[in-house]
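Chains A and B, in that order, give the protein sequences. Just so we're aligned, residue 4 is where the first sequence starts under my numbering, counting upward by one. Just so we're aligned, residue 523 is where the second sequence starts under my numbering, counting upward by one.
It should be emphasised that the hints constitute simulated quantities derived from the structure, not laboratory data. None of these values were measured; they are calculated from a predicted model. For each residue, glycine too, the CB sits at the ideal point set by N, CA and C. Keep in mind that the hints are not guaranteed to be accurate.
[What the hints assert, rightly or not] Here are a few chain B residues that sit away from chain A, every Cβ distance over 10 Å (derived from the structure): (1) 645; (2) 656; (3) 657; (4) 662; (5) 717; (6) 861; (7) 866; (8) 896; (9) 903; (10) 987.
[Unchecked claim] Across the chosen pairs, the derived CB separations fall in these ranges: (11) B:531 / A:141: 23 to 31 Å; (12) B:995 / A:52: 21 to 29 Å; (13) B:622 / A:154: 54 to 62 Å; (14) B:810 / A:67: 37 to 45 Å.
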Amino acid sequence: MRRKVDITLSTLLLIAAASFFAVTFTDQFDVPTFGGDVGPAFAPRGYLLVWMALAATSVLQALRERDEEPLEVNLRQLVSVAAVAGATGYAMTVVGFVFSTVPGVFLFCWAFGYRKPIMLAVLSLAAPLTIWALFTYVFELLLPRSPWFHLI
Amino acid sequence: MVHFFAAIDQFATAEVFASILAGCIWGTVAGALPGMGTVSALIVALPFAFGMSTEASMALFLGIYVTSVYGGSISAILINTPGTPQSAATVFDGYPMARAGKADLAIGWATLSSLVGGLFSLVVLIAAAPALARVSVAFGPAAIFALILFALTCIAWVSTGNTVKGLMAGMIGLWLTTIGPDDLTGYARFDFGLPALAGGLSLVPVLIGLFALSEVFHRAAFYFDAKPPEVTNVGFRLPPFAEITLRTRQFAKSSAIGTFIGILPGTGATAATFISYSELRRSSPRRENFGKGEPDGLIASEASNNAVTGGALIPTLALGIPGDGGTVVLLGVLTIQGIVPGFDLVNNNPQILTGAFLVILFANIIMFGLGAVGARLFARIMAMPEPVLMGMILLLSLVGAFVVRGNSLDILVAVVAGIAGVLMRFAGYPIAPVVIGMALGTTFEGKLRQGLISARGDFWDFIRDPIALSILVLAAIVVALPVIRRNWSRTVKSRG
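For reference, chain A alone in the conformation it holds in the complex (with noise of 0.2 Å):
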């Protein structure tokens, strides 16, 4: 599997290099430079050449790799749990942070495999409202709020 994954992004590593240094030749950085300066694309062309060269070598190297024993992973959770913190990450921008992070964190845990329902839907209540009061009036810095209240 590391095998795969690795010729993956290394491939992708260079596919994305090679479009951001297409970028550096656009309008958007063909800026007029002074005295002795070498202007604003000069350092992102030389980050993405060397980064293209490594991704290239790294490709190689990955197609000249033997593939290892596979490796026993839970997928189906890893991308349940990734699906969960991404899904509260962008609730948490809508529906700020209180309504996004009580069930988020109740559906991450179970997700992770935890099986402990009234345990965990104190958890996923105390939590988070410890986090919100404690932010909210002992730091005094506002968490995402909803669209629905001042606080919250």
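Since chain A is already given, all that's left is putting chain B on it; use the hints.
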């Protein structure tokens, strides 16, 4: 002496003491929890830095930084699983000692060794950091550019796994700093017309995603059952005084190795631990007992990994150049509090620097106390269900990503970085070079262009600067040395 009293005046508050204690307890607990590690422990506490005073936040984070490395030894000894990679070598002699019914003594040796290593490196830090910061005034843009190049070369070169991938990760980190407005001209770069990217990426959400969230996702991929680890023979027993004095040489050697390796960017405590362990296994008069519960093995691992903390803080505080993920977070905390490491810290805020030394001293002493009274409690916490722990990390990571700028986009940046991080882990890419590249990228490019402007575009001016030239030569040696060594051994082999 004036700074010492000023620091006492500024730091001797109930808030600071409470923060050191909280930092030390959290650091030890997080270190003991397998998979948490120093960086995750620091990241989880990051949101709190925004609501605290400068002194209290330094106390909290230095407390976590110092004690999290030690915490890893508890799980290494009790359940044969190092809580942090830095404690991997502790398993070799700590676990056999625990199995022989002497877990309390093993924790005693580990705690004492951590204290000795921590205090040794603190003395070096106190002596070296202000001196190095004063010397750094002579560093012009060319020298700083060369210094960062050297740091990045070292970091990538010693990256766990593959050097090519380490270098590439560093390049990705440098490139990420070019998103957003160019500092010299103000023109936007790589924003793709998206207003959200026009301001550039903040380091903290990327750091949170790459370290904390990717760790959460990675653990989800390998989590199959919910059985808590079996923990037995817990307690604390200090070794006899005669046994301690017999091993003075081993304490000194391991502490010195840890401090020196800590100073080098990118090497970190894991490398220090294994170098120290192999050196003591070679030189100890009790070397035949290594791997069977020999205290020298515990000293080798624990004195060196804790000594790295002081060593790694030397370039961080004196030059503003972090050597690993942990010091990147510490640098981020200093930046949040408006403190600029280096000459400014030493000359304009000497009481803050002295205060940091005092905090590290207290953190080491508290760490010893916690080991003595809390080993049994920490062992119980290790039995906490992993999904619950990971849920809390997710929650605090999302909060941490948001509070840096109050920007909702940063939450999504952290999640995307988390997914990228887990893919990088699967493909064998090291993560630390990305964040170090990101932490240094803006200065790196800025100094290069400043240097070129002052030299009217003449690249050779960089080589005419003696400090820059020496550092560039050093960087070239770091790159060339392994190749030369490989060719040399091939030649020797072919000659028979």
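Let me make sure I understand: some of the numbered hints might not hold for this structure. Which ones are they, in numerical order? none
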